[in-house]
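There are 2 protein chains.
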Amino acid sequence: MLQGLVLNSIHFGDVTFRPDGVYKSPMEASEHEIYDYVICTNKALDPSALPGTLAPVVTPEVTTIVLIQNGVGSEIYLTEAFSKNTVITCVTWVGAKQDSPGVIEHNNGDQITMGVAWNKNLDRIVEEKKVETFATILRNGGTGVQVDDDIIARRWEKVVWNAAWNSFTALTMLNTQQFLNSSEEAIVISRRLMTEIIDVAKAQGIGLEYKLVDELIDKTLKSHGLVSSMMMDLKNNRPMEVEGILGNPMRAARKFGVATPTLDLAYVLVKAQNWRVTNPSKV
Amino acid sequence: MLQGLVLNSIHFGDVTFRPDGVYKSPMEASEHEIYDYVICTNKALDPSALPGTLAPVVTPEVTTIVLIQNGVGSEIYLTEAFSKNTVITCVTWVGAKQDSPGVIEHNNGDQITMGVAWNKNLDRIVEEKKVETFATILRNGGTGVQVDDDIIARRWEKVVWNAAWNSFTALTMLNTQQFLNSSEEAIVISRRLMTEIIDVAKAQGIGLEYKLVDELIDKTLKSHGLVSSMMMDLKNNRPMEVEGILGNPMRAARKFGVATPTLDLAYVLVKAQNWRVTNPSKV
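Residue numbers (full-length UniProt numbering), protein chains in the order written: chain L, 1 to 283; chain A, 1 to 283.
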């Protein structure tokens, strides 16, 4: 970290970022500071374990937790575990890659939509102020920020996309265009999985519309063929974000009594691939 | 073929088989003989194309067509195309491998259950005689043969097994035991797919029982972990028997108005993998 992280950005130019501190764990980080913000930008591999991991760096009433991650449902674990802390959750659109260690090429977008995962124990006005303060910090740095009162709906909208294309591309090692060309039924199944996710959202009172399926299918058909992070992770034998993208929607479906047979099989198959990747000695 | 096929068999000993004729196509074979039997032991890659392929070697009222293949539904294409010919269809249990070209190691079993795919245009007594004659030929050679009046039910029973384990092992590259260990939901989904296949069979009046699911799951849990022909085909970039094992049950489900969401996704994913294997230039 002496050399810092080199960021070659289409928007911010070439900068080198040298953090004030680098720690091996939240426990180690807790020895040095009380934190106003804890921002999670790690992969959402095990959302249910997040509260335990973060506990050392979260000071009640002081620390705001910010999730900039894929998937849905991770906030629930946090708002339940930290009843006196605001949780901000974000949907981000950014294109970046790291071809060599510590050198990040930022090549597309830097928009972020954020909002509060409302905590019924906290004053809504206070929580609104916290998200506005955080939004202002990012805006002052030049990032495009939208604050959305219903960020959970935005997260579920994104997971409608991710649940289908992440799992189907990973399970077939085809990009979206190739997958949709592989059989007449592929588009039917894609629509079916997207519809199941919307069913689950609606059963919880989250405001999604079924026309989103048409929009996402149209968008995909117009593209040249997209690969997903899950497909790239599997290709490189890395663990995938199974639980945030597929597991949490499936568990929400069961809680609210929604049938999701397509999601269930997608989950089981991706989970099995993930098991293969994470248990190489057993295969 | 001058050297013949070498068969090293646990049951029949070491023999060399030299066929009377080897032809590149049924069309070429039709120039030499009128055939009493045409026995299809090829992979069931495209069952709907079978009548067109076999037409040159099928003589009306003379030729009996025998299928020794995986899957269900292939007989329907044949009985519709050849209204004056008996179709015999078989479920076979045999263990064999071909590690070097033309040398077959027969290492386990040689039982076969056969029966007529009854043709409503033909006399049942005549068809019964034809299957008995064919069974006698095989019995005289030393093979264990059972004739079953309801062979279509036996075929569907086998496809309950094949639809689940072929597709799940191929899509995860895990054996059955590893797959069932990979998540708590894996066994639930396995039972669900098997149940859907039985739903489809029952809707057609084919006599399967739901307890078959328990039997097949128990059998699998007691095994050390099985790999499937579909998994081996995919691993070796060979086309898979998608249509006979998954496609025909799915189309029968639609014809008889049975919902098969698990089967539908399994079909689409295996079909996509098959597309990837058979369209290497497009990937």
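Bear in mind the hints are in silico, worked out from the structure with no lab data behind them.
Some hints could be false.
Claimed, not checked - Coverage of chain L stretches by chain A, computed from C-beta distances (three or more under 8 Å per stretch; other residues unrestricted): (1) 119–132; (2) 167–181; (3) 254–265.
To be verified - Derived pair list, reagent style BS3-like, types lysine-lysine, alpha-carbon separation capped at 25 Å: (4) L:Lys-282 with A:Lys-235; (5) L:Lys-222 with A:Lys-282; (6) A:Lys-282 with L:Lys-235; (7) A:Lys-235 with L:Lys-235.
Note that the structure is a prediction, hence the values are computed from the model and not measured.
Where is the CB? At the ideal position from N, CA and C, for every residue including glycine.
Proposed proximity, Lys-282 of chain A with Lys-222 of chain L (alpha carbon, max 25 Å): holds (18 Å)
Straight-line alpha-carbon gap Lys-282 of chain L to Lys-235 of chain A, limit 25 Å: Cα-Cα ~18 Å, so holds.
Straight-line alpha-carbon gap Lys-282 of chain A to Lys-235 of chain L, limit 25 Å: holds (18 Å)
Hinted pair Lys-235 of chain A and Lys-235 of chain L, Cα distance within 25 Å: holds (15 Å)
Within 8 Å of chain A (C-beta), three or more residues of the segment 167–181 of chain L: holds (count 8)
Verdict on chain A covering the segment 254–265 of chain L, criterion of 3 CB contacts below 8 Å: As far as the segment 254–265 of chain L goes, the hint holds, because 4 residues have Cβ atoms under 8 Å from chain A.
Coverage criterion applied to the segment 119–132 of chain L (partner chain A; beta-carbon cut 8 Å; 3 residues): violated (count 0)
Consistency with the previously given hints fails for number 1 only.
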